[in-house]
Every structure is written in C-alpha cells, then in structure tokens.
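Residue numbers (the numbering used here), protein chains in the order written: chain A, 1 to 293; chain B, 1 to 304; chain C, 1 to 282.
For the record, the hints were derived by calculation from the structure and aren't laboratory data.
In this text, all values refer to a predicted model and were calculated from it rather than measured experimentally.
A few of these clues could be false.
Said to hold, decoys possible - As a list, the in silico BS3-like pairs of lysine-lysine whose alpha-carbon atoms are at most 25 Å apart:
hint	chain 1	residue 1	chain 2	residue 2
1	A	K265	A	K244
2	A	K120	A	K23
3	A	K200	A	K100
4	B	K205	A	K120
5	A	K284	A	K246
6	A	K98	A	K244
7	A	K100	A	K144
8	A	K100	B	K86
9	A	K213	A	K244
10	A	K98	B	K205
11	A	K284	A	K23
12	A	K144	B	K205
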Amino acid sequence: MNVQSIDSARFSATRGAASAAPKGRVRIIDAVKMYGVQGGGVLAVDHCTFDVPPGEITVVVGPSGCGKTTLLNAIAGFHSLSSGSIYLDDEMLCGPGKLKAEPGPDRIVVFQNGALFPWKTNIENVTFGPIMQGAMSRAEAYDKARAMMADAGLRGIETNYPGEISSGVRRRVEIVRALMNDPKILLLDEPYRALDSLTKSVMHEALLEIFYKNRVTIFFITHDLEEAIFLGHRVVIMTTRPCKPKKILDIDIPHPRDYGVLTTKRFREFMEETAAAVHEEAIKAFDAGERER
Amino acid sequence: MSETKLSDLAGIGARQAERGPTADITSWALTMHRWSQWLQSPRPYLMLIGFAGFLGFWYLAVEVWKLPRFAEMPGPTQVFGEWFSKDPTYGLSIFTPEYYLHIWVSTRRIAIAFFLATAIGVPLGLFLGWSLRFKQYVFPVFELLRPVPPLAWVPLAIVMFHGSETPVIFLTFLASFYATALNTMLGVESIDVSYVRAASCLGAKRWQVFRHVIVPGALPFIFTGLQISVGVAWFSLVAGEMVSGQYGLGYVINTSYTMVRYPTIVIGMATLGIVGYVTSAAIRLLGNYMMQWRMRELSLGAAR
Amino acid sequence: MNRISKGIDRAVLFITGENFWRGIVSIIVFLIFWETGSRSQALFGFAFPWVSQVPPPSAVALEMFRLIQQPSFWVSAYLSTARVFEGFFAAMLIGIPLGLAMAVSRTFYGISFPVFEVLRPIPPLAWVPASIIFWPTQEMSIAFVTFLGAFFTIVINVIGGAQSIDVRYFQAARSMGSSTWDIFRRIILPAVLPSIVVGATVGVGITWAVVVAAEMISGGGSAGSVGGAAGGGLGFFIWNSYVGGSYTQIVAGMISIGIAGYVSSAILRKVGAWMTPWLAEG
Chain A
1 MNVQSIDSAR FSATRGAASA APKGRVRIID AVKMYGVQGG GVLAVDHCTF
51 DVPPGEITVV VGPSGCGKTT LLNAIAGFHS LSSGSIYLDD EMLCGPGKLK
101 AEPGPDRIVV FQNGALFPWK TNIENVTFGP IMQGAMSRAE AYDKARAMMA
151 DAGLRGIETN YPGEISSGVR RRVEIVRALM NDPKILLLDE PYRALDSLTK
201 SVMHEALLEI FYKNRVTIFF ITHDLEEAIF LGHRVVIMTT RPCKPKKILD
251 IDIPHPRDYG VLTTKRFREF MEETAAAVHE EAIKAFDAGE RER
Chain B
1 MSETKLSDLA GIGARQAERG PTADITSWAL TMHRWSQWLQ SPRPYLMLIG
51 FAGFLGFWYL AVEVWKLPRF AEMPGPTQVF GEWFSKDPTY GLSIFTPEYY
101 LHIWVSTRRI AIAFFLATAI GVPLGLFLGW SLRFKQYVFP VFELLRPVPP
151 LAWVPLAIVM FHGSETPVIF LTFLASFYAT ALNTMLGVES IDVSYVRAAS
201 CLGAKRWQVF RHVIVPGALP FIFTGLQISV GVAWFSLVAG EMVSGQYGLG
251 YVINTSYTMV RYPTIVIGMA TLGIVGYVTS AAIRLLGNYM MQWRMRELSL
301 GAAR
Chain C
1 MNRISKGIDR AVLFITGENF WRGIVSIIVF LIFWETGSRS QALFGFAFPW
51 VSQVPPPSAV ALEMFRLIQQ PSFWVSAYLS TARVFEGFFA AMLIGIPLGL
101 AMAVSRTFYG ISFPVFEVLR PIPPLAWVPA SIIFWPTQEM SIAFVTFLGA
151 FFTIVINVIG GAQSIDVRYF QAARSMGSST WDIFRRIILP AVLPSIVVGA
201 TVGVGITWAV VVAAEMISGG GSAGSVGGAA GGGLGFFIWN SYVGGSYTQI
251 VAGMISIGIA GYVSSAILRK VGAWMTPWLA EG
C-alpha cells in the first residue's frame with residue numbers, strides 16, 4: 001500500500017466515523033413552482049411530494065423542460081418555491097414564510113455544463129470550498145485535495161487548468177471539489193448529458209466508486225432511463241411539464257454494481273416496467289413542443 | 001466487478017503526457033511555436049506584397065505619374081528622406097530630440113488619462129454589473145452624458161479647467177473611461193451564472209464570490225475594453241491636441257499643416273500609428289500574460 | 001396586434017416598475033448637484049472647483065428653448081447630420097464588400113489586412129490636414145475623414161462576423177446544390193448582417209465624434225454662428241459659442257449633438273432589428 005492510499009483511507013475513516021447515521025434525507029412536500037406574473041404564468045412544478053432517502057442515490061427521470069431542474073434549484077437555494085416545503089434532515093430549507101433556501105456547502109450542485117472555474121487550476125478549484133469557509137488551513141486543504149484527487153484517479157493534473165483536460169475528467173474534478181466539503185447531499189444536474197456514451201459509461205462507474213467510498217446522499221437528474229436504473233437506489237419518473245412524480249421505483253439490484261448489470265434479467269424487467277411510462281411522457285412533451293434548454 | 005479501479009490507474013496526467021501536447025509546455029515555448037508556424041505559412045509574404053503595393057502606389061502616384069490630385073502631397077521618398085535624415089529640412093526626424101519630446105508628451109497624457117480611466121472605470125463597471133440596484137441608480141446618469149462626443153467637450157473643458165494640459169487630459173480620460181466602464185459591465189453580465197451559483201454552494205460569501213468569480217471571470221472582457229479604451233484615448237487626445245495643446249503629436253500634425261511642412265504631417269501620422277499600435281499591443285500582451293488559463297485553452301483546443 | 005399589446009405591456013411595466021424611478025431619482029439628484037454647483041458662488045459664498053464655471057441647467061434649458069426656434073440652428077443640425085450620413089454610407093458601401101472579400105479570400109486577406117491594420121491606429125482626425133491637401137473642397141475633406149472613422153470599425157466587424165459563420169451551413173448548402181452566388185446571397189449575407197448592424201451602430205457614434213471634431217478644427221466651411229450666415233454645422237457652432245464667450249450656448253450645443261447622436265444610433269438599431277427578425281426573442 002502506498003502513502004496515497006493510506007492517506008485516503010484515513011480521510012475516509014474519519015468521515016465514516018463522524019457520519020455514523022447517514023445524513024442528507026430530503027423530503028419534498030407539496031412543492032409548487034409558478035413562473036411569471038399575475039395570471040399569465042407557467043406552472044413548472046405541480047404539487048410534487050416525494051422523499052430522498054439518506055445515504056442512497058435517488059434519480060429523477062423526465063423529459064427535457066419538465067421542471068426537474070427547478071426542483072433541484074429549489075433544494076440548492078437558487079430558486080424559490082411558490083408554495084410547499086422542502087426539508088433536509090430535520091431542518092426546513094424552504095417553506096411557508098421562507099420560500100427560498102440559502103445555498104450552502106451541505107447541498108452542493110454539480111452543473112450540467114460544468115462549473116469548474118476556468119481561471120483557477122484544478123487543485124485551486126478543489127480546495128476552493130474549504131478555504132472560502134475557513135474550515136481548514138491552506139496546507140491542510142491542499143493535502144486533503146491531493147489525497148482525494150489521487151483517490152479518484154486524478155493524480156498528475158493538479159496544476160493544470162480545466163481548459164486543458166477533457167470534459168469527462170473535468171466532471172470528476174468537479175465532484176471531488178464538492179466532496180471536499182463533506183456535503184450532506186450531492187445534487188447532480190444532468191452532469192453527463194454532454195458526454196458521449198462511451199465516456200458516460202466510464203463516468204457512471206467512477207461515480208459509483210466515489211459513492212461507495214463516501215456514502216453521500218446523491219440526488220441525480222437525467223433524461224436517460226437506462227442511466228437512472230443503473231445508478232439509482234430509487235428512481236422517480238416525472239410527468240412532463242408541470243412535473244409531478246408519476247411512478248416511484250425502488251431498484252433492488254444489489255450494490256456494488258458494475259456495467260455487467262445492464263444485461264441482467266432484473267435490469268431488463270425494470271426497463272420494461274418503466275419504459276412505457278417514460279415514453280408516454282416523452283410523447284406528451286414532444287407534442288407540447290418543448291424547446292431544448 | 002470492474003477489472004481495474006480508477007484509483008489504481010497511473011494518473012490521468014501521465015497518460016495525457018503520452019498522448020500529445022500537455023500543460024507542461026511553458027508559455028514561452030508555446031509562443032515560439034506559434035511564431036514559427038506563422039513564418040512557415042504564406043502570410044508573411046502576402047504581407048510584404050501588401051505593403052509593397054501600398055508604398056508602390058503612393059510612390060508612383062506622387063512622384064512618377066504626378067497625378068493632379070496628388071500634386072501637393074509629399075511622396076514616400078520625401079517623407080522617408082525627411083524622417084530618417086540627420087538634418088531635416090523641417091526640423092523633425094528620428095535624429096532630432098524634439099521628435100521624442102512630442103512623442104513623450106503625447107504618451108504621458110495618454111498614460112495619465114488611461115490610468116485614471118482604468119482606476120475609476122473598472123471598479124465602476126464591476127459594480128454596475130454586479131449590483132442591479134446600483135446599476136438602476138447610476139446607469140441612467142452615465143448613459144445621459146455618454147452620447148456627447150469627446151471633442152464637443154473641449155470648450156467646456158477649457159472653461160472648467162484652467163491651463164492647457166488639464167482639458168486635454170480630461171477629454172482623453174472621459175472617452176477612455178466610458179469605453180472601459182461599459183466593457184467591464186458587459187463582462188460581468190456575461191459571466192455564466194453557474195459559476196456564481198457554484199461558488200455560493202461551496203460556501204463563498206458575497207464578497208468572496210466577487211473576488212474569486214466575478215473579477216477573474218470578467219477579465220477577458222476588461223482587457224478587450226482596455227484595448228478599445230486606449231484606441232479611443234488616442235482618438236480624443238489627437239483631437240484635443242489639434243485644437244488646444246502645445247507639444248504632442250496632434251499639435252505637430254496641425255502646425256505642420258499651417259506652416260506648410262507637408263512631409264512632417266505624414267511623419268506625425270505614421271508615428272501616431274506606430275505608438276498607438278504599440279500601446280494597444282502592450283495591453284493585449286499584458287492581458288495574455290494575466291490570463292494564462294485562456295491562452296492555454298485557446299492554444300490547445302483551437303485549430304486556427 | 002399581439003406585438004403591439006406586448007409592447008404596451010412592457011412599456012407600462014417599465015414605467016411603473018422600480019427600475020424607472022431609481023433612474024429618475026439619480027438624474028434629478030445629478031441635476032440638483034449641477035444647478036447648485038453652478039450657482040455655488042452666489043449660494044454659498046465660495047465657488048466649487050469645476051462645476052461653478054459651468055452654466056446651470058436652468059439657463060441651458062432656456063437657451064435650448066430659444067435655439068430650437070431659430071431656423072439657423074436647424075440648418076447647422078442638418079449640415080452635421082448630412083455629413084455624418086454621407087461619410088457613414090460611404091463607409092458601409094466600401095467597407096462591407098471589402099470586409100466580405102477579406103473574409104472569403106485568404107490571399108486577399110493576407111495582402112490587405114496588414115496594410116489595413118497599420119493604417120487603423122492612426123486616429124481619423126490626424127488625417128484632417130492630409131485630407132484637406134488632397135481633396136479639392138472642404139466638404140469632401142470632412143467627408144473623407146468621416147468616412148475613415150466608420151470604415152475601420154465596419155470592416156473589422158464584417159470580417160469577424162463572416163469568420164464565425166459555422167462551416168456546416170456551407171456544407172449543407174453545397175450538398176443541396178447551391179451555386180456560389182446563392183451561397184453568398186443566402187448564407188453569408190444574412191449571417192453577417194448582425195455583425196454589420198453592430199459595426200454600424202458603433203460606427204455611427206464614431207462618425208458623430210469625427211464630424212464634430214472635424215467641424216471644430218477645419219473651421220466649419222464658412223464663417224458665422226447660428227445668428228449669422230448659414231452655419232458650418234453643430235461642431236462649428238460650439239466652437240463659435242466658445243470664441244464668442246457664450247457658455248450656455250456651448251452646453252446647449254453639446255446637448256443637441258448628444259441627442260442627435262443618440263437618435264442616429266437608435267434609428268440604426270431599429271433598422272438593424274427590422275432587418276434581422278430571426279434574432280428577436282421568441
């Protein structure tokens with residue numbers, strides 16, 4: 001075992017000890033979001049209620065423009081709700097009297113087109129969170145960053161800029177950047193949408209590997225049903241806009257999973273169960289003429 | 001179970017090194033590389049053809065064919081003869097100290113006006129872009145004064161500021177200030193909101209977001225604005241010098257005309273062009289240096 | 001019909017929204033500051049540094065009111081505007097084809113662009129004496145300098161616009177059997193139009209600046225102020241007001257030029273928007 005692995009093991013252990021009970025349980029209760037003004041508005045989220053269990057991967061699937069990103073933004077604190085409430089563990093993030101949550105390092109977002117700061121090197125990006133919060137000294141932050149990056153197979157690119165590495169690698173750096181802050185929940189907004197399917201399959205396995213090491217709650221949005229069933233403990237299928245959970249499935253395929261899972265019988269059964277529902281919504285969305293955002 | 005775990009891999013950096021251009025190239029090497037590419041293309045030779053054509057036409061029109069329209073114009077031999085002569089007929093060449101005095105005076109005015117304009121314009125632009133409330137208060141007044149062209153301010157400036165230096169510098173400052181502030185504001189407004197959101201998620205407070213996201217994110221636009229700003233500054237400076245200044249390149253051009261020293265006019269114009277170009281290029285190079293990340297991104301990704 | 005109601009809607013929102021009032025407040029504050037500053041000697045017993053030399057807005061407003069009733073003022077305004085549009089259209093007429101040629105032919109670009117770039121940093125006003133020597137009449141020399149002002153901006157914008165046309169448009173057209181002329185007319189021209197509009201809007205502002213400057217420098221073509229013989233344009237008007245010591249006229253003239261410049265840009269922007277309907281928000 002080399003030094004890097006020992007360090008990373010130590011960090012994982014401390015994390016594991018501190019979080020004996022998994023954190024990051026999100027409850028969405030009757031959330032409604034209306035855009036626009038006085039009577040001429042657009043309903044994006046229509047009385048959504050569902051739970052995101054802690055320590056698990058919950059995937060929300062739905063056609064483009066259905067309002068799932070709005071939900072994620074409400075959890076993250078970028079958008080307000082028109083009514084309803086969202087709870088994280090036992091704390092109200094937003095609800096009556098406080099329609100907009102505050103963004104914070106307990107709920108970190110990984111963005112669709114990537115939001116690594118292009119003007120900072122990769123390691124400067126990764127250490128950004130802890131340094132801004134003053135949670136640890138620069139030296140400590142850099143040490144931890146180097147260990148976590150090595151853990152994720154990203155050794156050697158610390159002093160490069162994001163513009164110099166491929167987009168798949170950039171995504172991974174962004175996830176490490178998020179994990180540096182010990183978030184309760186990781187919010188992923190279609191992060192692999194822009195990648196080709198070969199890179200995507202590598203990314204999926206990478207994400208799962210990271211998840212197994214850290215057991216952080218993950219809330220993942222996608223339009224790709226296969227991706228959803230492959231990754232998720234729980235899959236929530238949304239209707240087209242305004243979105244509302246149409247079907248919720250608990251995927252009982254055992255973890256740890258790898259790409260061999262895709263050809264198993266159980267996987268195909270899940271696909272059959274859900275494909276019709278998703279397709280129905282997709283047709284409705286197409287008819288409604290959703291523009292790609 | 002996967003055969004290899006990602007953390008077992010040698011590291012992405014090592015593998016990219018095998019594949020091709022990496023970030024280990026220094027910026028200097030990158031510049032040299034692009035330089036040599038340029039020399040090998042047809043472009044330097046086309047450039048020479050262009051200049052030869054231009055100078056050739058000028059020479060022929062004035063001195064050989066003696067076209068009527070060009071009758072009173074000085075030809076290239078006259079101009080270059082004067083410019084590079086040890087004892088110029090009209091007193092101004094690269095060997096006379098007055099020449100450099102005028103260049104220095106103009107450049108000094110530009111420097112003062114430009115630095116003032118940047119020192120005030122960049123922060124103002126940053127705040128205009130960052131705070132909607134601030135913009136709503138300040139921008140209308142800003143826009144109110146903008147359409148007045150720089151030279152229209154000359155009489156008022158002379159009335160307001162006594163002396164002959166200050167009005168000229170004020171003019172130059174004004175034009176430069178507007179260009180800088182506007183471009184900076186645009187720069188802030190075009191920063192992808194995802195960066196700001198990411199920073200808030202990661203626990204940055206508002207002032208930290210400003211310092212670590214807004215300022216670096218707007219930098220490319222700021223530098224474009226600065227280049228435009230320096231160009232506008234020269235424009236206004238020359239106008240100001242021609243109307244009410246002493247010394248300076250604009251003054252040289254104007255007096256050369258009134259004293260019928262035509263070759264010196266062209267010398268003045270050419271010098272202006274060179275100095276203007278140099279100042280603009282200096283800013284661009286400074287920008288490239290400060291935004292290493294952009295240069296690398298463009299070099300390694302772009303085909304051109 | 002729908003567009004009209006949408007337009008009215010936005011106007012109402014703009015006026016009653018916070019946006020509008022905040023701007024009004026600061027403009028009022030600015031005017032108050034200006035007024036008290038101008039009169040600071042009388043009001044406070046000591047003069048503010050620079051503002052006190054400037055005539056107060058009240059006096060300027062009166063002067064403007066007086067001026068717009070004088071036909072000679074409008075003659076000046078007309079002269080300046082005519083010069084602006086002469087030079088501007090000449091710049092478009094020559095600049096757009098030149099820019100397109102440079103963008104389309106790499107050889108032509110290689111030959112002409114360096115010369116272009118060498119001439120560009122020379123401020124248009126520096127050309128005034130050379131222009132006077134070269135052109136037979138003063139009008140033409142001013143027109144030439146005005147032309148130069150807008151020309152460089154327009155060419156740069158056209159080249160930029162043409163270079164950023166996605167190559168796939170060409171491939172698509174060719175695969176559907178378009179001739180070169182067709183490609184030019186249906187792909188290059190429309191794609192470059194937005195850049196031309198941007199170049200034009202910026203160029204017109206520069207043109208105004210150059211016209212005013214040229215008028216002030218070259219004496220406006222004929223002697224006389226607004227009250228006298230047919231004036232030499234607004235720039236000359238301002239200069240004359242300065243020489244004649246009438247400071248309120250100076251400021252009134254500046255404001256007139258500002259308004260004229262703003263209106264020209266606005267007109268161009270509207271025309272540009274009309275010519276590129278596909279850019280409008282959905």
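Which hints, by number, does the structure contradict? Hints 1, 2, 3, 7, 8, 9, 11 not satisfied by this model.
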